[in-house]
Structure formats: C-alpha cells, structure tokens
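Going down the list, the protein sequences come from chains A and B.
Numbering-wise (the numbering used here), the first sequence opens with residue 1 and increments by one.
Numbering-wise (the numbering used here), the second sequence opens with residue 1 and increments by one.
It should be emphasised that the hints constitute simulated quantities derived from the structure, not laboratory data.
These figures come from a predicted structure and were not determined experimentally.
Cβ coordinates follow ideal geometry from the N, Cα and C atoms, glycine included.
Some hints could be false.
For lysine to any residue, the following SDA-like pairs were computed, each having C-alpha atoms within a straight-line distance of at most 25 angstroms [as the list claims (entries may be wrong)]: (1) K268(B) <-> I392(A); (2) K263(B) <-> R179(A); (3) K288(A) <-> R244(A); (4) K268(B) <-> D135(A); (5) K286(A) <-> M366(B); (6) K288(A) <-> A270(B); (7) K263(B) <-> E382(A); (8) K268(B) <-> A375(A); (9) K390(A) <-> A270(B); (10) K390(A) <-> F261(B); (11) K263(B) <-> G178(A); (12) K288(A) <-> E79(A); (13) K268(B) <-> A377(A); (14) K390(A) <-> R274(B); (15) K237(A) <-> H328(B); (16) K286(A) <-> D320(B); (17) K268(B) <-> G373(A); (18) K390(A) <-> K268(B); (19) K268(B) <-> Q140(A); (20) K268(B) <-> K286(A); (21) K237(A) <-> G262(B); (22) K286(A) <-> L321(B); (23) K72(A) <-> V306(A).
Below, a sample of chain A positions facing chain B; criterion: calculated Cβ distance under 10 angstroms [unchecked claim]: (24) A42; (25) Y205; (26) D283; (27) W348.
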Amino acid sequence: MNMQTGNEAAFRAEIAEFCQDNLDPAVRRQSDLGLPLAQEAALNWQSKLVARGWGAPSWSEEWGGTGWDMRKLFIFEEEMAAHGAPLVGTFNIKMIGPILQAHGTPEQKAHYLPKALSFEHQWCQGYSEPGAGSDLASLQTRAEQIGDDYIVNGTKIWTSEGHLANHMFCLVRTSREGRQQAGISFLLIDLDTPGVSRRPVHHFYGAHVFNQFFFDNVRVPVANRVGEENAGWGIAKALLEHERLFSARHTEARRKLGRLERLSHEVQIDGRPAIQDAQFRDDLAKRKIELRALENATMRALERLVDDGGIGPFASVLKLRGVEVNQRLDRAIVQLLGPDALPAQAAWEGGALDGIVPDEARNAAESRYWWRGPAIAGGSQEMQRSIITKHILNL
Amino acid sequence: MRFAADEDEVMIEDMLDRALQNARNAAERVDGYAPRPDAAALRVQLAELGLWGAWLPEAAGGFDGGPRLLMTLARGLGRVPTHHGLIGGCVIPGALLTRSAREDAHDLAARMAKGEIPVAVAVMEPGARWTRDSPTTRAEGDGSGYRLTGIKSHVAEGGTAEHFVVSARDEDGLSLFLVPADAEGLTVSTYPATDGTTWAMVRADGVRVGSSARLIGPGDGAAALDKAFTLAVFTAAAELLGSCEAALAQTLDYLRTREQFGKPLSTKQALQFRAADLHADIEMLRSQVLGAANALSSGYTRRARSDVAAAMTLAIQTGDLVGREAIHLHGAIGMTRELGIGYHLLRADILSRWLGSAEHFRERFMAEEAAA
Ligand SMILES: Cc1cc2nc3c(=O)[nH]c(=O)nc-3n(C[C@H](O)[C@H](O)[C@H](O)COP(=O)(O)OP(=O)(O)OC[C@H]3O[C@@H](n4cnc5c(N)ncnc54)[C@H](O)[C@@H]3O)c2cc1C
Numbered sequence: 001m002n003m004q005t006g007n008e009a010a011f012r013a014e015i016a017e018f019c020q021d022n023l024d025p026a027v028r029r030q031s032d033l034g035l036p037l038a039q040e041a042a043l044n045w046q047s048k049l050v051a052r053g054w055g056a057p058s059w060s061e062e063w064g065g066t067g068w069d070m071r072k073l074f075i076f077e078e079e080m081a082a083h084g085a086p087l088v089g090t091f092n093i094k095m096i097g098p099i100l101q102a103h104g105t106p107e108q109k110a111h112y113l114p115k116a117l118s119f120e121h122q123w124c125q126g127y128s129e130p131g132a133g134s135d136l137a138s139l140q141t142r143a144e145q146i147g148d149d150y151i152v153n154g155t156k157i158w159t160s161e162g163h164l165a166n167h168m169f170c171l172v173r174t175s176r177e178g179r180q181q182a183g184i185s186f187l188l189i190d191l192d193t194p195g196v197s198r199r200p201v202h203h204f205y206g207a208h209v210f211n212q213f214f215f216d217n218v219r220v221p222v223a224n225r226v227g228e229e230n231a232g233w234g235i236a237k238a239l240l241e242h243e244r245l246f247s248a249r250h251t252e253a254r255r256k257l258g259r260l261e262r263l264s265h266e267v268q269i270d271g272r273p274a275i276q277d278a279q280f281r282d283d284l285a286k287r288k289i290e291l292r293a294l295e296n297a298t299m300r301a302l303e304r305l306v307d308d309g310g311i312g313p314f315a316s317v318l319k320l321r322g323v324e325v326n327q328r329l330d331r332a333i334v335q336l337l338g339p340d341a342l343p344a345q346a347a348w349e350g351g352a353l354d355g356i357v358p359d360e361a362r363n364a365a366e367s368r369y370w371w372r373g374p375a376i377a378g379g380s381q382e383m384q385r386s387i388i389t390k391h392i393l394n395l
Numbered sequence: 001m002r003f004a005a006d007e008d009e010v011m012i013e014d015m016l017d018r019a020l021q022n023a024r025n026a027a028e029r030v031d032g033y034a035p036r037p038d039a040a041a042l043r044v045q046l047a048e049l050g051l052w053g054a055w056l057p058e059a060a061g062g063f064d065g066g067p068r069l070l071m072t073l074a075r076g077l078g079r080v081p082t083h084h085g086l087i088g089g090c091v092i093p094g095a096l097l098t099r100s101a102r103e104d105a106h107d108l109a110a111r112m113a114k115g116e117i118p119v120a121v122a123v124m125e126p127g128a129r130w131t132r133d134s135p136t137t138r139a140e141g142d143g144s145g146y147r148l149t150g151i152k153s154h155v156a157e158g159g160t161a162e163h164f165v166v167s168a169r170d171e172d173g174l175s176l177f178l179v180p181a182d183a184e185g186l187t188v189s190t191y192p193a194t195d196g197t198t199w200a201m202v203r204a205d206g207v208r209v210g211s212s213a214r215l216i217g218p219g220d221g222a223a224a225l226d227k228a229f230t231l232a233v234f235t236a237a238a239e240l241l242g243s244c245e246a247a248l249a250q251t252l253d254y255l256r257t258r259e260q261f262g263k264p265l266s267t268k269q270a271l272q273f274r275a276a277d278l279h280a281d282i283e284m285l286r287s288q289v290l291g292a293a294n295a296l297s298s299g300y301t302r303r304a305r306s307d308v309a310a311a312m313t314l315a316i317q318t319g320d321l322v323g324r325e326a327i328h329l330h331g332a333i334g335m336t337r338e339l340g341i342g343y344h345l346l347r348a349d350i351l352s353r354w355l356g357s358a359e360h361f362r363e364r365f366m367a368e369e370a371a372a
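Using the sequences plus the hints, can you model the full thing?
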C-alpha cells in the first residue's frame with residue numbers, strides 16, 4: 001500500500017489510535033523526557049508492534065516488514081515519535097536487518113532476521129577501535145581463517161548498548177594488501193563465544209552507555225561473514241537512504257520543544273510565566289524557527305528521495321544542523337530551569353525534590369550531556385563538514 | 001593596580017599548583033571516575049599552607065588577602081576537578097559571618113579558615129531563580145526569639161553543615177538567622193547534583209530560635225547578601241578561568257598525540273583555528289577577571305559590581321564553550337568519566353545554574369551601568 005495525499009490523514013489517525021490503545025502513559029512520559037527505556041518495556045513495546053505488523057516497517061514483507069514506500073515510512077516514524085512512542089532496537093531494526101536482507105545468505109536471513117525482529121537477539125555495532133575513530137578504515141581487529149572458522153583478535157570500543165546485547169556485527173581486517181578499505185570484512189559474532197570479554201565505559205555524567213570488547217582468539221564460523229571477504233566496508237557504509245532522512249533527528253527535537261513549551265508556562269521569570277518574558281519569547285522563537293526550517297529541510301529531502309531515489313550529501317547538511325538544533329533545545333531547557341537543573345537524575349529517587357523542582361526537570365541536564373555524543377558519533381560534525389566541502393562545494 | 005601577578009602572588013600560585021598537583025597525583029579513582037582529590041583533606045592542607053581562608057580578615061583567621069588572593073586560590077582550584085566547597089562553604093558564609101557582630105560568628109569563620117565547613121547558606125527559594133532579596137520564608141516573633149517557616153532550595157554544602165544561615169522576612173525587612181542543623185522543625189534532605197556534589201533542600205516548619213540568632217538585618221540583610229554573593233560570583237568566575245585553562249591545555253596535549261589519517265590531529269588547520277579562538281576567548285576572560293579583582297580590591301563600588309557581572313558573563317559563556325569544545329575535540333573518549341574532561345562543562349553548568357545565568361549577569365551589568 002502506498003501513500004496518496006488523501007489517505008495520509010487516515011494513516012496518521014490510525015497510528016494515533018494504535019498509540020492510544022497500546023502505549024503505556026509511563027513509557028510515553030519517559031520518551032518525552034528522553035529517559036532510556038528499561039529492557040522489559042522495550043521488549044513489550046516491540047511485541048505490540050510486531051503483533052500489529054509494524055515491528056520492522058522498512059523490511060521486506062517476507063521478513064515481517066510492510067512494503068510501504070518511502071513517504072509512508074517517513075510518516076510512520078514521524079507520527080510514532082509525535083505520540084511519544086519509544087525508539088527501540090535501532091541496531092536490530094535499522095541496521096543489521098536491512099544489511100542482512102541486502103547482503104545475507106538465505107541461511108543467514110532465515111536464522112537471524114526473525115530473531116532480530118523479536119529481539120531474541122540484541123545486536124550492537126562493533127566498528128570503532130581505540131585507534132580507529134574518524135579514520136575507521138585503519139581498524140586493526142584481525143580475523144584469520146583457519147579451516148571453517150575465523151580466529152578473531154583485537155578490541156572494539158564505544159559500543160553503545162553492548163552490555164545489553166548478545167550479538168555484535170563487526171568490521172574486521174582480513175587483508176593488509178592494497179587500500180585499507182579493501183581489506184575489511186563484515187562478521188556476525190555471538191558474544192557468548194569463548195574469548196570475548198567486555199568492560200563497561202561510563203559517560204561523564206555517570207551513566208553506563210559505552211563498552212569496550214576484547215577478542216582473544218575468538219572462533220567465528222566463516223558462515224557468519226556477510227558478503228564476500230574484504231567487501232565489508234561497502235556493506236557497512238551503505239546505510240539505507242530512508243534512514244538518512246532522519247539524520248536531522250527532527251522528531252527528537254520536536255519532543256524537546258514540547259518540554260520547553262510546557263516549562264515555559266510552569267517556570268516563572270520575575271513573577272510571570274516565562275512565556276510572557278520578552279527575552280525568553282525571543283529565544284523560544286529562535287528555537288522554533290530553526291526547528292521549522294529543519295523540518296522543511298527534512299521534507300525537501302523526502303521529496304528528493306521519492307523523486308531521485310537518494311539524497312546524497314544533503315544528509316550531511318541535515319546532520320550538521322540537526323545535531324545543533326537538538327543541542328540548543330537541550331540548552332534552552334536547562335537555561336529555563338535555572339537552579340532546578342542542578343539535580344542529577346539519581347536525585348529523583350530520594351524525595352528531596354518533591355514539590356520543589358518541577359517533574360519536567362528530570363533528565364534535562366543529562367540529556368544535554370548525552371547530546372554531546374551525536375556530534376561525535378556516526379561521522380563527527382567535522383566529517384560532515386568535509387563531505388559538504390568536497391561533495392557539494394567541490395572545494 | 002597592575003594586572004600581572006606580583007612576586008608574592010607568583011609564589012602563592014606555585015605553592016598552590018604544587019599542592020593541587022600532589023593531591024591529584026595521590027588521588028585514587030572512585031567508581032572509575034578520573035581521580036579527584038579528597039576535598040576535606042585538600043582544604044585542611046591548603047589551610048595549613050595559609051591559603052584557604054587567606055582572603056578573610058585577620059580577626060576571622062585570615063590574612064586580609066583580599067580579592068586578588070581569592071582569585072588566585074579559586075583559579076588554581078578550577079584547574080583540578082575536586083568538590084572543593086570554597087564558594088558555598090567558605091566565601092559566602094565567611095563574608096556573612098564576618099559582618100555579624102555576634103561573637104561566635106567569628107569563631108565559626110575562623111573554623112572555616114582552617115578548612116572546615118561548619119555553615120551553609122540557605123537563601124534560595126523554589127521558583128525564585130536568582131532573586132534573593134524577597135524571601136517568602138517568614139520570621140515571626142515568639143517570646144524573646146523567632147519562629148521560622150519556609151522552604152529553602154538548592155543549598156550548597158547543606159548536607160554536612162552544622163548550622164544554616166537562613167534568610168527570612170519579618171515586618172521590618174530581610175534578616176539572616178543562624179539556625180543549628182539539628183533544630184526542631186528543620187528538615188534537611190540531600191540530593192546529588194550533576195557534578196557529583198551534594199546539595200540540600202531545607203524546610204523550616206516553625207523552627208524556634210533565640211533572639212541572638214538574628215545575625216544580620218533587618219536593615220542591611222539584603223545588602224549583606226548581595227555583597228556576599230558578589231564575592232561568590234567573582235570567585236566562580238576565577239574558578240571558571242582556571243577550569244578553561246586546564247581544559248584547553250589538556251585538549252591541546254591530546255590533539256598533539258592523537259593520530260587519525262596518519263597524522264596528529266593538531267596538524268589539521270580546522271582544529272588549530274578552533275584552539276586559537278578558545279585561547280583568545282580565555283585571554284579576554286582572564287583580562288576581565290583581573291580587572292574585576294582590581295576593582296574589588298579598591299572597594300565594593302558600582303564599577304566593581306559591574307566588573308564582576310561582566311567577568312561572570314564571560315566566564316559562563318567561555319566556560320560553556322571551552323567545556324563543550326574540550327569534549328568534542330577529544331572525540332568519544334571525551335564523553336567518558338574515566339577521562340573526566342567533561343567535568344569542566346559540568347562545573348560551568350553548576351556554577352551558572354546556582355549563581356545566575358549569563359543573561360542574568362548581563363542584566364545585572366546593565367543595572368549597575370544605568371545607575372552610574
Ligand atoms: C555517543 C556515541 C555512541 C557511539 N556508539 C558507537 C557504537 O555503537 N559502535 C561503534 O563502533 N562506535 C560508536 N561510537 C564511536 C564513533 O563512531 C566515534 O566516536 C567516531 O567515529 C569518532 O572517532 P573518535 O571518537 O575516535 O574521535 P577522533 O576521530 O579521534 O576525533 C577527535 C576529534 O577530532 C576531529 N577530527 C578527526 N579527524 C579530523 C580531521 N581530519 N579534520 C578535522 N577534525 C577531525 C573529530 O571531529 C573529533 O572532534 C560512538 C560514539 C559516540 C560519541
């Protein structure tokens with residue numbers, strides 16, 4: 001089923017109704033405040049989506065997807081976010097699923113896709129290494145073939161949610177000949193395999209978000225390689241065009257704006273609600289206008305995707321500015337909270353804040369700190385600028 | 001007054017840097033965080049060196065060191081992540097207690113000069129942001145003493161203090177009362193802030209205090225608070241200067257050693273230019289903090305107050321920028337508590353949320369200018 005302008009409203013209403021019926025208000029509240037969701041709640045939400053046939057919308061129908069066109073996929077995500085639906089299992093649904101459908105063997109698809117959909121497998125991404133960040137192609141974790149296995153040695157770092165995962169899709173070096181990019185393979189590793197160990201790495205505000213994995217003579221069946229040997233770079237780089245539309249993360253920005261606007265009626269400046277304060281209004285206007293432009297930019301990208309099949313380096317423009325818009329909204333929220341942004345997330349457990357600090361202050365500071373990350377991850381802002389200079393400006 | 005440090009100041013800076021470096025080297029990792037010196041031991045050590053309370057008047061155990069010495073101390077502390085407690089546990093209560101005529105107030109100040117934190121100052125209220133001159137907390141006459149009722153929010157060092165200085169209003173105006181932490185009807189609930197320091201919410205429910213509890217006021221209560229907080233803000237600006245210096249230095253070291261694409265990151269002009277801009281911003285901040293120190297040294301004048309407001313505005317802007325850039329230029333490792341470079345952003349945020357935002361100080365600046 002594809003999207004005509006006429007039935008767009010009906011589709012949006014259908015999503016709204018689904019959220020109304022299935023989304024626990026406590027979960028919605030957590031997404032509004034940008035709080036991470038507990039594993040159990042994430043599983044629970046995914047099972048509801050799967051039951052409705054919406055567990056992995058972008059996948060092919062054969063594997064539990066919807067077969068929707070780009071526009072409909074886009075509207076789905078936007079509308080889900082607008083109703084406070086949590087984004088769950090991104091590595092499963094948006095990364096390994098599409099990669100396997102495009103490059104996996106029939107056996108790999110049959111084994112992994114259903115388990116990725118149900119979250120029986122939880123995937124994490126093992127690309128970065130201590131020495132290979134922006135310069136990812138210099139990665140050193142090696143995989144040597146012995147019989148039917150690869151023997152993997154090395155380390156991966158900054159693995160988000162690695163402590164919740166039982167599987168990792170991983171880039172490993174299988175050749176030292178020629179260009180660095182041409183010696184990399186894409187491997188699927190069961191994290192319970194002997195020789196795999198992990199240490200937690202914490203965010204500067206305290207939360208456990210990253211991990212480092214160590215591989216000490218880990219045996220991985222050659223059958224777990226996706227694509228040809230030494231073809232891993234291309235596989236990893238080909239993120240679905242549809243996903244690139246969300247480079248601006250405008251739906252998250254909209255949620256932040258929601259919190260800022262709610263607070264603007266609650267917080268008083270000089271004895272009046274902040275929304276009546278001239279300076280605050282001006283600041284709010286700036287935030288709203290840049291988000292409006294970002295949303296229009298995203299809609300332009302969608303149009304281009306539908307017309308031309310791709311958005312190319314425009315995704316870098318979306319990411320560069322989208323991250324900044326999000327960061328400035330986070331900052332505006334803590335600025336408005338003023339002293340009430342002092343407490344750490346843990347402070348909410350002791351009862352000290354009850355009746356003194358507005359509930360909307362929860363996770364406001366941490367969200368600001370967490371959002372330093374997207375400027376570094378997934379191609380840092382400097383890498384996006386390089387792409388713009390090279391591929392758009394031809395400098 | 002000159003901008004450059006005089007001989008004594010250079011000596012003090014060296015002494016301080018050595019003590020802080022030693023404390024840092026001796027510190028252990030707690031919970032995987034980058035090492036932070038134990039604050040209580042550090043305070044005592046700095047007190048023994050005669051640095052901690054040196055800015056206090058001699059009668060209160062200090063050396064009349066004044067704003068320049070306070071600046072040197074705060075700037076040094078800003079370079080080393082530690083929950084030092086200088087502003088909430090020494091500067092604000094010290095400035096208030098030394099103004100009081102009460103005898104034991106000076107004894108308490110003298111304990112502060114030794115590095116203890118016996119007193120915390122409870123003057124913020126829910127929803128009042130940085131307005132401190134119109135508390136809703138009431139002081140009602142009760143026999144020869146008073147009864148205090150109200151809620152005080154976000155009290156720095158409030159978790160461990162033996163006494164609170166509480167602002168409250170009666171018919172005559174704003175007064176500051178010294179209330180024992182264990183007074184009946186006083187509830188202290190602590191909470192952790194984002195930089196790991198402990199703060200408190202304090203509820204007074206008809207707390208009875210004697211007539212001598214009134215430390216300052218009613219006539220000069222608001223003015224005393226204003227003066228104490230001006231000194232606190234000045235100290236915060238100096239701390240942020242030190243924090244920016246340390247964050248940039250550590251970032252430059254990293255850029256020199258971190259290689260990507262076969263070369264140190266420090267060879268990339270895009271990053272060199274950013275570092276140059278940060279340096280120039282920090283120099284502006286340094287100039288303004290020194291200017292404020294000199295102005296304050298010659299009295300609590302309008303010019304001094306606008307200089308302090310200007311210094312804090314720049315400190316917040318630059319602290320925020322340098323804090324963010326230091327993290328970003330490190331890449332993912334900058335995001336970790338194991339490295340700890342994020343501490344500088346956490347601290348810049350804490351100081352501005354507690355004492356006032358950049359907007360707030362720009363307004364203060366204009367108010368002082370307009371009245372000039
Ligand atoms: C929140 C977060 C989540 C992450 N999750 C994962 C994950 O799940 N799996 C995974 O594999 N990795 C993950 N990463 C790692 C991420 O991919 C890397 O952080 C990223 O590739 C940058 O590498 P680096 O951190 O080593 O920084 P570096 O490459 O060392 O860069 C340091 C700084 O220098 C700049 N810089 C680098 N090269 C240049 C240049 N040529 N010109 C100008 N500036 C330059 C960078 O922009 C950055 O500011 C995550 C990172 C973050 C922050």
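Holds or violated: K263(B) to G178(A), with C-alpha atoms at most 25 angstroms apart: Since the Cα atoms of K263(B) and G178(A) sit roughly 20 angstroms apart, the hinted pair holds (cutoff 25 angstroms).
Assess, step by step, whether the Cα of K72(A) is no farther than 25 angstroms from the Cα of V306(A), and give holds or violated. holds (11 angstroms)
Is K390(A) close enough to F261(B), meaning Cα to Cα at most 25 angstroms? Satisfied, since the Cα-Cα distance of roughly 17 angstroms is no more than 25 angstroms.
So if I understand the rule, the pair passes when the alpha-carbon distance is 25 angstroms or less; does K268(B) with Q140(A) pass? Answer holds: K268(B) to Q140(A) is near 24 angstroms, not above 25 angstroms.
Restraint check for K237(A) with H328(B), where alpha carbons must lie at most 25 angstroms apart: holds (23 angstroms)
Next pair to validate is K286(A) with M366(B); report whether the Cα-Cα distance is within 25 angstroms. holds (23 angstroms)
Run the distance test for K390(A) versus A270(B): straight-line Cα separation, threshold 25 angstroms. Measuring from Cα to Cα gives roughly 15 angstroms; hence the hint holds.
Are K268(B) and A377(A) close enough, with their CA atoms no more than 25 angstroms apart? holds (19 angstroms)
Would the hint linking K288(A) and R244(A) be met if the CA-CA limit is 25 angstroms? holds (23 angstroms)
Is K268(B) within 25 angstroms of G373(A), Cα to Cα? holds (21 angstroms)
Regarding the pair K263(B) and R179(A), is the alpha-carbon distance no greater than 25 angstroms? holds (17 angstroms)
Take the C-alpha atoms of K390(A) and K268(B), compute the straight-line distance between them, and say whether it is at most 25 angstroms. Holds - the C-alpha atoms of K268(B) and K390(A) are around 16 angstroms apart, at most 25 angstroms.
Hint violations for this structure: numbers 6, 20 and 24, all remaining hints satisfied.
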